[in-house]
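Could you build the full structure based on these sequences and the hints that come with them?
From first to last, the protein sequence lines stand for chains A and B. Counting in this note's numbering, the first sequence runs without a single skipped number right up to 302 at its last residue. Counting in this note's numbering, the second sequence runs without a single skipped number right up to 647 at its last residue.
None of these hints come from the bench; they were simulated from the model. Bear in mind the structure is a predicted one, so any value in this text is a computation, not a measurement. Ideal Cβ positions, reconstructed from N, Cα and C, are used throughout, including at glycine. There may be inaccurate statements among the hints.
[Stated by the list, open to error] Output of the computed footprint for chain A on chain B, the stretches with three or more beta carbons under 8 Å from beta carbons of chain A:
| no. | region |
| --- | --- |
| 1 | 421–433 |
| 2 | 559–573 |
[Stated by the list, open to error] Some chain B residues well away from chain A (every beta-carbon gap over 12 Å; in silico):
| no. | residue |
| --- | --- |
| 3 | Lys-32 |
| 4 | Glu-152 |
| 5 | Val-185 |
| 6 | Lys-365 |
| 7 | Glu-393 |
| 8 | Ile-520 |
| 9 | Leu-522 |
| 10 | Ala-540 |
| 11 | Thr-544 |
| 12 | Asp-546 |
| 13 | Leu-587 |
| 14 | Ala-631 |
| 15 | Leu-643 |
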Amino acid sequence: MSHIIVHIVLILGLPPLLLGVIGKTKALFAGRVGPPLFQPYYDLAKLFRKGSVFSTTTTWVFRAGPVVGLVTALLAGMLVPLGSHGAPVSFSGDLILFAYLFALGRFFTASAALDTGSAFEGMGAAREVTFSCLAEPALFFGFLVLAKLSGSLSLTVMLDGPFPSGWGVAGASLVLVAASLFIVLLVENSRIPFDDPNTHLELTMIHEVMVLDHSGPALGMIQYGAAVKLFVMGALLMRIVAPFTSGNAWADWGLFVAGMMALAVVIGVVESVMARFRLVFVPTFLVAACLLSGFGIVLLLR
Amino acid sequence: MSEWLIVMGIVCHAVSGVPGLFRRRDSDAGQKLAVVLGLIGSALGIVGAVGSLWQPSVANSVIKIDAISVIFLLPIFLVPALGAIYGLTYWKQAEHIHNGQKLRLFYGLVTAAMAGVTIAANSILFLVAWEIMALSAFFLITTEDEDRTVREVGWIYLVATHTATLCLFALFALLRNVTGSFALVALPDGPGTGIATAIFLLATIGFGLKAGMMPLHVWLPGAHAMAPSHVSALMSGVLIKIGIYGLVRISSLLPHPPLWWGGLLLAAGMISGVLGVAFAIGQHDLKRLLAYHSVENIGIITMGLGLAMVGRSLHRADCVALGLAGALLHVWNHGLFKSVLFLSAGAVIHATHTREIDHLGGLAKAMPRTALCFAIGAVAICGLPPLNGFVSELLIYLGLFRSLGIGHETGWAGAAFGPPALALIGALAVACFVKVFGAVFLGAARSEHARHAREAGANMTAPMLVLVGCCLLIGLAPLLVAPVLERGVSAWSPDLATGAVSLAPLAPLGWISVAGLALIVLLVVAGVALSQRLRHGGTASSGTWDCGYAAPTARMQYTSSSFAQMLVGCFTWVLRPRVHAPSEQPLFSRPTQFRSHVPDIVLDGALRPSFRFGAKITSSFRFLQAGNIHAYLFYIVVFLILLLLWR
Chain A
1 MSHIIVHIVL ILGLPPLLLG VIGKTKALFA GRVGPPLFQP YYDLAKLFRK GSVFSTTTTW
61 VFRAGPVVGL VTALLAGMLV PLGSHGAPVS FSGDLILFAY LFALGRFFTA SAALDTGSAF
121 EGMGAAREVT FSCLAEPALF FGFLVLAKLS GSLSLTVMLD GPFPSGWGVA GASLVLVAAS
181 LFIVLLVENS RIPFDDPNTH LELTMIHEVM VLDHSGPALG MIQYGAAVKL FVMGALLMRI
241 VAPFTSGNAW ADWGLFVAGM MALAVVIGVV ESVMARFRLV FVPTFLVAAC LLSGFGIVLL
301 LR
Chain B
1 MSEWLIVMGI VCHAVSGVPG LFRRRDSDAG QKLAVVLGLI GSALGIVGAV GSLWQPSVAN
61 SVIKIDAISV IFLLPIFLVP ALGAIYGLTY WKQAEHIHNG QKLRLFYGLV TAAMAGVTIA
121 ANSILFLVAW EIMALSAFFL ITTEDEDRTV REVGWIYLVA THTATLCLFA LFALLRNVTG
181 SFALVALPDG PGTGIATAIF LLATIGFGLK AGMMPLHVWL PGAHAMAPSH VSALMSGVLI
241 KIGIYGLVRI SSLLPHPPLW WGGLLLAAGM ISGVLGVAFA IGQHDLKRLL AYHSVENIGI
301 ITMGLGLAMV GRSLHRADCV ALGLAGALLH VWNHGLFKSV LFLSAGAVIH ATHTREIDHL
361 GGLAKAMPRT ALCFAIGAVA ICGLPPLNGF VSELLIYLGL FRSLGIGHET GWAGAAFGPP
421 ALALIGALAV ACFVKVFGAV FLGAARSEHA RHAREAGANM TAPMLVLVGC CLLIGLAPLL
481 VAPVLERGVS AWSPDLATGA VSLAPLAPLG WISVAGLALI VLLVVAGVAL SQRLRHGGTA
541 SSGTWDCGYA APTARMQYTS SSFAQMLVGC FTWVLRPRVH APSEQPLFSR PTQFRSHVPD
601 IVLDGALRPS FRFGAKITSS FRFLQAGNIH AYLFYIVVFL ILLLLWR
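And the structure:
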């Protein structure tokens with residue numbers, strides 16, 4: 001029971017810190033002091049206190065976007081195991097619910113963008129749904145590899161490392177899947193080199209341009225939801241890359257948090273050393289991600 | 001007892017349009033009578049169908065009602081009755097005095113004939129009902145036969161449906177040859193697989209043509225677009241499923257399918273699913289777009305059926321149960337949400353008089369109920385939780401994963417393409433429905449018609465709400481429908497000797513309810529929290545910020561074509577869009593035009609050119625038939641002499 005509470009607290013509380021660590025890493029690379037680690041929390045608190053402006057063009061869909069985006073990410077967080085601790089909710093087939101919850105969130109965030117009637121946000125929505133079309137098969141090829149290795153269809157058992165036949169037997173497949181999932185993670189969470197969460201060049205962005213018209217608490221919900229999504233997908237990836245257990249249940253939580261911080265540092269490094277790709281190359285990389293995890297399953301089924 | 005209820009229901013539907021023929025053309029009485037008859041027929045039919053689940057299946061030489069029949073009968077009785085109510089406003093007799101009577105006559109007939117097909121116990125009744133259904137559908141498609149395009153679409157349908165009938169004649173002749181009777185009974189175990197293979201292939205082509213499987217879908221987009229919307233709902237929601245019924249029924253008669261049969265269906269399903277939704281993304285016509293989504297969903301159903309066949313070949317009861325239960329449930333689900341979508345599209349067309357997506361926009365304000373129904377239908381068709389589409393897709397996903405040999409020793413590597421393909425279909429469907437929902441209902445109105453739209457009347461919104469309620473019910477409580485599906489699976493594969501099939505250990509149906517309810521509760525909580533924060537912080541309204549652009553117009557909005565442009569670009573290799581872009585302009589450019597259009601690759605790319613070529617070749621023999629009686633006598637003499645020489 002206490003582990004379930006820790007799980008919920010981590011899912012609710014930790015995600016913005018990930019953004020703080022990424023920001024700090026980037027600042028260090030650029031030789032700046034950078035904003036404090038907890039800046040994302042201050043930003044969220046400020047947004048939730050602010051007033052909002054709603055466009056006269058919008059309807060209930062515009063307000064539903066942030067709500068659905070946040071709720072789906074949080075629910076998906078209940079399905080994913082954090083470190084060696086299983087998820088609070090786990091059943092055979094939860095991996096499909098996991099993927100489809102994000103799709104539901106995407107449906108409403110993209111619809112909310114179109115609700116403003118602005119061409120910019122339309123562009124963002126179109127890019128978001130287009131790139132997800134390519135990210136989704138990559139994710140499912142990855143799931144196939146994990147399911148085949150573990151003989152289970154529940155995320156908790158699939159990621160219950162170290163895999164019985166784990167890195168020793170199917171190391172090659174797992175490397176491919178991890179690489180592919182890392183690309184999917186960067187694309188789905190609008191990180192450099194695929195998208196830039198900080199740019200103000202509306203014509204080149206994906207996720208940020210969709211939420212241009214949101215303000216106040218609604219914008220806060222969107223940013224919080226985005227952080228939760230990054231956290232949840234990151235937890236999935238870290239479990240494959242570093243399936244370690246210490247033996248002590250509470251030490252495992254520490255291990256998990258350390259792993260997530262390491263992931264944030266890696267993302268920060270990637271963002272610092274790479275330039276953003278031109279938009280036309282994003283699909284190419286996503287197809288590469290599909291092929292990587294596709295190879296992963298071929299290696300297993302040969 | 002219950003079979004008589006069903007037969008009475010069928011008769012009620014069959015005659016529902018007849019009294020109206022004897023009424024004055026401008027009176028609504030005939031239409032109201034038809035609706036009442038249809039409702040009575042549907043009530044009798046549904047009671048009979050549900051009742052027959054609780055008694056041993058009826059089987060005599062004429063009719064046979066088992067669980068598979070019941071599963072197909074329920075949407076057949078539900079959707080047309082709701083469509084008839086919708087028609088009271090949408091196709092009012094007083095406003096359509098020239099074709100209203102014809103429409104209702106064939107509407108009742110097609111409903112009765114569909115039900116007839118599903119309860120037929122012998123191939124004669126099956127074919128008779130099939131032909132009545134096919135021809136009534138032709139007259140329904142050509143309701144507005146004064147329009148040239150409508151007639152052309154009708155002819156294409158007629159050719160396609162008769163090609164299908166031809167295949168069925170061959171199929172039933174072969175079946176008669178092997179089993180020795182016209183009854184639809186299982187093939188004996190013995191005979192060579194050659195005949196069984198021929199029967200299977202004929203069924204795939206014949207029934208696939210009716211179901212609209214890619215590349216046999218040529219008739220479907222045009223016919224669905226041109227028919228009145230409640231007829232489109234009937235055709236897309238129910239009629240094309242009769243093709244699936246045929247495939248399910250015939251495949252249940254063939255013992256020991258080889259692995260490649262299931263593989264073929266699985267591959268056909270994947271092609272149909274991915275390309276169906278890809279073509280849908282390229283469309284500008286609201287109803288044509290929905291029609292291509294029928295091709296996609298037929299693909300998903302076919303994947304489930306293919307998986308069940310693979311399961312039978314591998315002797316994997318779990319794959320059979322998950323695949324077939326998923327396919328059968330998707331038959332229901334597609335019947336429900338596609339009807340909602342066609343009916344709400346009809347409401348839009350009724351209010352704005354256009355099917356062109358890029359002329360619409362901002363309708364959610366004027367038509368809130370229609371917009372809500374469309375949104376729920378769109379979420380359901382994308383297979384997203386907590387609605388019904390998710391349940392059936394989940395069953396098929398689980399079956400596909402398992403058929404790979406996960407958690408079991410026997411497996412088939414070919415199924416590895418299934419889950420990613422289904423994921424791709426789902427993601428493309430999300431893209432397509434965000435596009436159409438956004439372009440039609442959100443943003444600002446792009447034309448005068450859209451600006452002056454008004455909400456549809458209660459006759460039109462009530463049927464949609466009923467269907468939406470069914471979508472929610474199946475999505476939130478799938479355990480309710482599991483027993484029916486389990487009976488359907490047992491009826492389909494008696495050779496699997498599993499006794500009672502149970503879905504409960506195979507699929508997390510209870511968890512789906514929990515997750516769906518949790519999702520809804522959390523959405524409400526988060527929504528209330530947001531509105532409280534908004535009240536606390538204060539809200540203001542203004543024009544869309546748009547990065548500070550001062551004078552936006554509705555025509556600057558992202559259109560459905562621009563939304564789809566990247567995806568159409570990814571699929572250029574198969575969509576082959578025709579783009580008429582403006583040529584290079586001088587310094588001070590003149591007004592110019594841009595048009596893009598995605599033609600159907602099979603119909604416009606292959607069939608039309610090849611038929612034209614055939615017509616050209618054969619027309620060079622036209623001189624032989626000059627209308628000259630001497631020449632004809634001469635041909636006869638020559639032919640007789642040749643015959644004599646040959647003997």
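Results for each hint:
| no. | hint | in the structure |
| --- | --- | --- |
| 1 | 421–433 | holds (count 10) |
| 2 | 559–573 | holds (count 7) |
| 3 | Lys-32 | holds (36 Å) |
| 4 | Glu-152 | holds (33 Å) |
| 5 | Val-185 | holds (37 Å) |
| 6 | Lys-365 | violated (6 Å) |
| 7 | Glu-393 | violated (8 Å) |
| 8 | Ile-520 | violated (9 Å) |
| 9 | Leu-522 | violated (5 Å) |
| 10 | Ala-540 | violated (5 Å) |
| 11 | Thr-544 | violated (4 Å) |
| 12 | Asp-546 | violated (4 Å) |
| 13 | Leu-587 | holds (24 Å) |
| 14 | Ala-631 | holds (62 Å) |
| 15 | Leu-643 | holds (62 Å) |
The structure is inconsistent with the numbered hints 6, 7, 8, 9, 10, 11, 12, although it conforms to all the rest.
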